[in-house]
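Protein chains: 2
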Amino acid sequence: MKKRKICGWGYEGDDASPVLVEKISPYLGALYGITEKHAIQPKRTEEIRIRSPRFVLSNEFGGICTSDKLERLNHSYGKSYRDLWRAMNGLFDNPPDYVALPQSEKDIETLMAFATKNRIALIPYGGGSSVCGGIEPTDSKAYIGTISVDMRHFDKVLEVDKVSRSALMQAGIYGPAIEHALKPHGLTLRHFPQSFEFSSLGGWIATRSGGHFATLYTRIDEFVESLRMVTPSGIIDTKKLPSHGAGPSEEALICGSEGVLGIITSAWMRLQQIPQYKCSSTIGFDSFQQGVEACRILSQSGLYPSNARLIDSQEAFLNGVGDGAQSVLILGFESHNHPVNHWLDFAENIAVMCGGIKLNKDSSRADNQSGTWKKSFLQAPFLRDVLVQKGLIVETFETAMTWDRFDQFHRAIIQTAQKAISDYAEYGTITTRFTHLYPDGPASYYTVMARGRAGRQLEEWDQIKHAVSAKIVEMEGPITHHHAVGKDHRPFFEKQRSELFGRVLKASKSTLDPAGIMNPGTLIQ
Amino acid sequence: MKKRKICGWGYEGDDASPVLVEKISPYLGALYGITEKHAIQPKRTEEIRIRSPRFVLSNEFGGICTSDKLERLNHSYGKSYRDLWRAMNGLFDNPPDYVALPQSEKDIETLMAFATKNRIALIPYGGGSSVCGGIEPTDSKAYIGTISVDMRHFDKVLEVDKVSRSALMQAGIYGPAIEHALKPHGLTLRHFPQSFEFSSLGGWIATRSGGHFATLYTRIDEFVESLRMVTPSGIIDTKKLPSHGAGPSEEALICGSEGVLGIITSAWMRLQQIPQYKCSSTIGFDSFQQGVEACRILSQSGLYPSNARLIDSQEAFLNGVGDGAQSVLILGFESHNHPVNHWLDFAENIAVMCGGIKLNKDSSRADNQSGTWKKSFLQAPFLRDVLVQKGLIVETFETAMTWDRFDQFHRAIIQTAQKAISDYAEYGTITTRFTHLYPDGPASYYTVMARGRAGRQLEEWDQIKHAVSAKIVEMEGPITHHHAVGKDHRPFFEKQRSELFGRVLKASKSTLDPAGIMNPGTLIQ
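One line per chain: the protein sequences are Y and A, in this order.
Using our numbering, read the first sequence as starting at 168 and increasing by one per residue.
Using our numbering, read the second sequence as starting at 168 and increasing by one per residue.
Derived by calculation from the structure, the hints in this document are not laboratory data.
Hints may be right or wrong, so weigh each one.
What the hints assert, rightly or not - With a Cα cut of at most 16 Å, we get these calculated EDC-like pairs of lysine to aspartate or glutamate:
#1 Y/329 - A/460
#2 Y/557 - Y/590
#3 Y/662 - A/404
#4 A/329 - Y/571
As the list claims (entries may be wrong) - Cβ pair distances, simulated, as ranges:
#5 Y/222 - A/402: 40 to 48 Å
#6 Y/526 - A/329: 29 to 37 Å
#7 Y/593 - A/329: 40 to 48 Å
#8 Y/508 - A/593: 53 to 61 Å
#9 A/509 - Y/677: 23 to 31 Å
#10 A/237 - Y/329: 42 to 50 Å
#11 Y/490 - A/329: 31 to 39 Å
Backbone N, C-alpha and C define an ideal beta-carbon position, used for all residues, glycine too.
Modelling step: build the complete structure from the supplied sequences, incorporating the hints.
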């Protein structure tokens with residue numbers, strides 16, 4: 168079996184393409200002044216020492232749990248910058264004591280009963296791709312230890328309902344396995360977060376992951392038909408229904424619960440037919456502002472593009488699109504049912520009326536461009552490993568704002584990030600793109616890349632992260648649009664939600680998890 | 168000021184058009200054998216006696232509360248068949264002791280503090296159009312009395328954000344006042360439940376009301392940008408945002424809470440631009456089955472019609488559409504942005520491929536047909552008053568089911584209703600339409616009309632209502648798609664939701680309303 172990397176994305180041996188690394192290396196020097204001295208020398212696994220498990224497991228857990236060092240290392244961190252930096256530097260102060268690999272709901276119930284009785288924290292683990300401390304063990308002294316509960320054996324599509332276009336899937340299944348199982352039926356979940364290859368259905372649902380579609384069905388929540396979750400108090404199993412209006416939504420409590428209420432074990436998911444018609448267009452704008460206005464009108468047009476990604480000039484250039492002077496809007500429509508050129512024509516007209524210039528147009532049956540794009544999109548986390556190792560501080564912020572306040576909000580974030588970079592690091596950039604569009608505002612996504620001082624990058628990252636996050640919340644933006652809260656965003660989430668809703672969440676947790684063993688420290692205190 | 172009717176829809180003096188009544192009267196005889204002997208002779212208000220308030224209010228409530236007999240009668244019941252029947256028969260055993268008419272959140276807080284201290288139940292009241300016992304006072308002995316809190320003074324659109332297309336509205340505002348305030352801005356909420364003229368924004372949100380759009384934005388929830396709710400524990404005020412992914416949705420807890428957690432006082436609502444382009448088409452099907460299949464493919468097509476109402480042959484005929492042999496699909500597209508004929512062409516092709524026959528087509532700029540349709544749609548509750556008074560038992564059931572199980576589900580409901588009609592009443596019909604379409608299934612809406620035995624209609628209604636509701640839940644359908652739970656559907660809701668979610672709802676209520684004064688008996692026990 169292929170082994171996951173301890174400090175980096177994907178499997179051992181799978182790295183960013185050397186050609187790509189070669190291509191970007193000159194930019195790192197030119198743009199950020201990165202030299203050899205900034206580089207981190209990753210520790211080899213053999214050099215890393217971790218403490219022994221702090222408690223002993225009885226025999227009944229022999230088949231479920233392991234204390235294997237590699238497994239414990241792999242379950243210590245997610246994939247945030249902080250996580251990568253600590254892993255590369257061999258810092259594993261608080262690994263889980265065991266990793267559980269349950270095969271059945273019964274196994275999970277047994278674990279929960281044991282953990283409840285013995286004050287052990289359980290951490291639901293899907294693909295481990297959290298970038299906000301969502302799967303890191305608690306350091307609270309209230310627990311005698313932690314077990315990371317890896318759902319990898321819940322990896323099947325159990326049933327396909329072609330008529331209603333939905334499928335019952337186990338929660339530990341990863342993106343590629345889902346698509347592989349659905350393809351023979353002509354169906355697809357079409358949920359492609361950047362973590363697609365190494366994240367799980369249950370993780371997507373627990374974190375309200377952001378999906379493929381730029382409009383309408385922006386988040387995994389939209390595709391949840393029903394859910395099954397094991398909690399320390401019992402099992403929640405919601406009905407497979409297209410919709411209902413009886414009371415507050417039961418699924419809405421589970422979506423975004425980040426493992427603090429229980430472990431999602433399976434879900435009926437709404438599917439798409441594989442698109443047969445597809446067309447896309449790239450539009451350039453001399454100013455980002457013009458692109459924003461085009462996105463606003465587009466988002467309110469009722470045309471519902473599947474892709475509508477506005478990328479500012481600098482980020483576009485770094486991604487090999489545009490000339491570095493123009494902001495770029497990538498527009499796409501797709502359908503299994505009908506040609507979509509007509510839709511694209513209307514959308515292009517809107518963009519052109521706002522000052523856009525058509526750069527190219529690709530109108531064809533599907534699968535021409537999508538493969539290329541998908542590959543390059545999924546390369547990004549591999550590439551980040553290279554950047555981090557070379558000494559670059561890399562962080563992303565994803566938020567949302569209504570159109571009326573967007574300009575002000577956007578300017579404040581850019582200015583705050585620029586100031587934080589110059590205050591805390593040496594030199595860097597902040598770039599912007601829109602990942603999703605709503606009729607009342609965009610989800611904007613910011614990427615900070617900065618040259619830090621050798622050996623002090625983590626501290627600098629922390630200061631930049633804090634400054635920008637605080638500004639987002641001060642300007643009334645959400646601390647996350649789809650990366651979740653975890654432990655890292657929790658203090659900001661507390662400022663964003665109402666105090667009473669915090670109490671409701673805690674009351675819900677007390678009901679479902681009276682001993683407070685589920686993922687403590689995440690989402691709520 | 169115009170006075171609302173005590174037993175019937177709308178204002179005193181506004182009745183169903185005599186022409187319409189004249190037109191349907193022969194059918195009542197022919198179809199249901201309704202004669203004079205079945206008719207109910209409504210009691211005059213002067214004949215109705217109600218008990219005195221069971222507790223005394225201190226002077227501080229002089230400006231907020233009234234014990235006026237008419238007000239108390241008007242706040243005793245909603246508008247279900249049971250409500251109409253009891254009102255017509257002058258049965259008002261359990262009126263609220265007072266009706267409060269708060270002018271400010273401060274007034275509401277004062278009421279809640281008083282009610283908490285004195286074990287008085289408060290019932291949030293918008294337009295009073297509940298058809299499931301949602302605004303009827305509790306008969307629990309745990310309270311010394313009840314106050315119906317009528318939000319009619321919260322009737323303003325406070326702020327319009329044209330850029331993001333949203334508006335801040337007070338929760339007591341009725342449908343027509345919303346549209347009147349938005350029209351000068353070229354905007355519309357476009358939420359037209361049948362109760363539109365006599366229901367409020369807060370009521371729609373609290374009950375997850377069904378909206379204008381047949382696809383995509385089917386329920387008021389979709390248009391809620393942020394909410395403000397006064398609870399006995401304090402105020403919840405959520406952020407005005409296009410979207411966020413931080414934790415479970417706070418708004419989702421409030422939408423559908425039916426007044427048991429607090430009183431919604433205002434909301435930022437997402438709006439539409441007033442449509443300029445509109446086209447529609449009517450398609451006939453020789454079998455209802457064919458129409459269902461057309462709806463399924465349409466719902467999964469990505470065309471998103473604003474209207475897609477499949478009506479079975481009998482219901483179509485009773486509504487003056489079709490020849491009584493064909494089921495009818497009314498299809499409509501609309502846009503402020505672009506002509507929609509192209510969309511309709513694709514949709515019609517789907518219907519024709521499934522065996523549909525185009526009956527007519529109206530392609531025009533907006534406002535031609537919509538006025539006529541809207542008028543006739545809004546006439547229905549007035550007409551129901553006439554039917555009930557003539558002695559007809561009238562009830563609707565609205566539910567939803569995934570496409571794979573729809574045929575079986577539908578047959579079971581029809582058979583159960585037919586059996587219940589013949590077991591409990593004398594003679595009647597059950598007809599079907601689809602009100603909303605989801606990619607994984609339809610929201611189906613059933614209308615039962617039956618001739619009952621003179622004086623025993625309420626008992627017979629109750630038996631039919633129970634038999635069909637029990638079958639819906641037995642077949643795993645939701646007890647409501649958009650009429651809400653109230654007190655009448657609560658036993659069925661309890662079977663539909665998970666037991667643990669019931670406990671979470673109760674824990675949420677204990678947090679926000681520790682004394683349990685808010686709308687007791689509704690939604691949860």
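Here's how the hints hold up against the structure:
no.	hint	result
1	Y/329 - A/460	13 Å, holds
2	Y/557 - Y/590	21 Å, violated
3	Y/662 - A/404	12 Å, holds
4	A/329 - Y/571	8 Å, holds
5	Y/222 - A/402: 40 to 48 Å	45 Å, holds
6	Y/526 - A/329: 29 to 37 Å	31 Å, holds
7	Y/593 - A/329: 40 to 48 Å	44 Å, holds
8	Y/508 - A/593: 53 to 61 Å	59 Å, holds
9	A/509 - Y/677: 23 to 31 Å	54 Å, violated
10	A/237 - Y/329: 42 to 50 Å	58 Å, violated
11	Y/490 - A/329: 31 to 39 Å	35 Å, holds
Comparing the model with each earlier hint shows violations of hints 2, 9 and 10; every other hint is respected.
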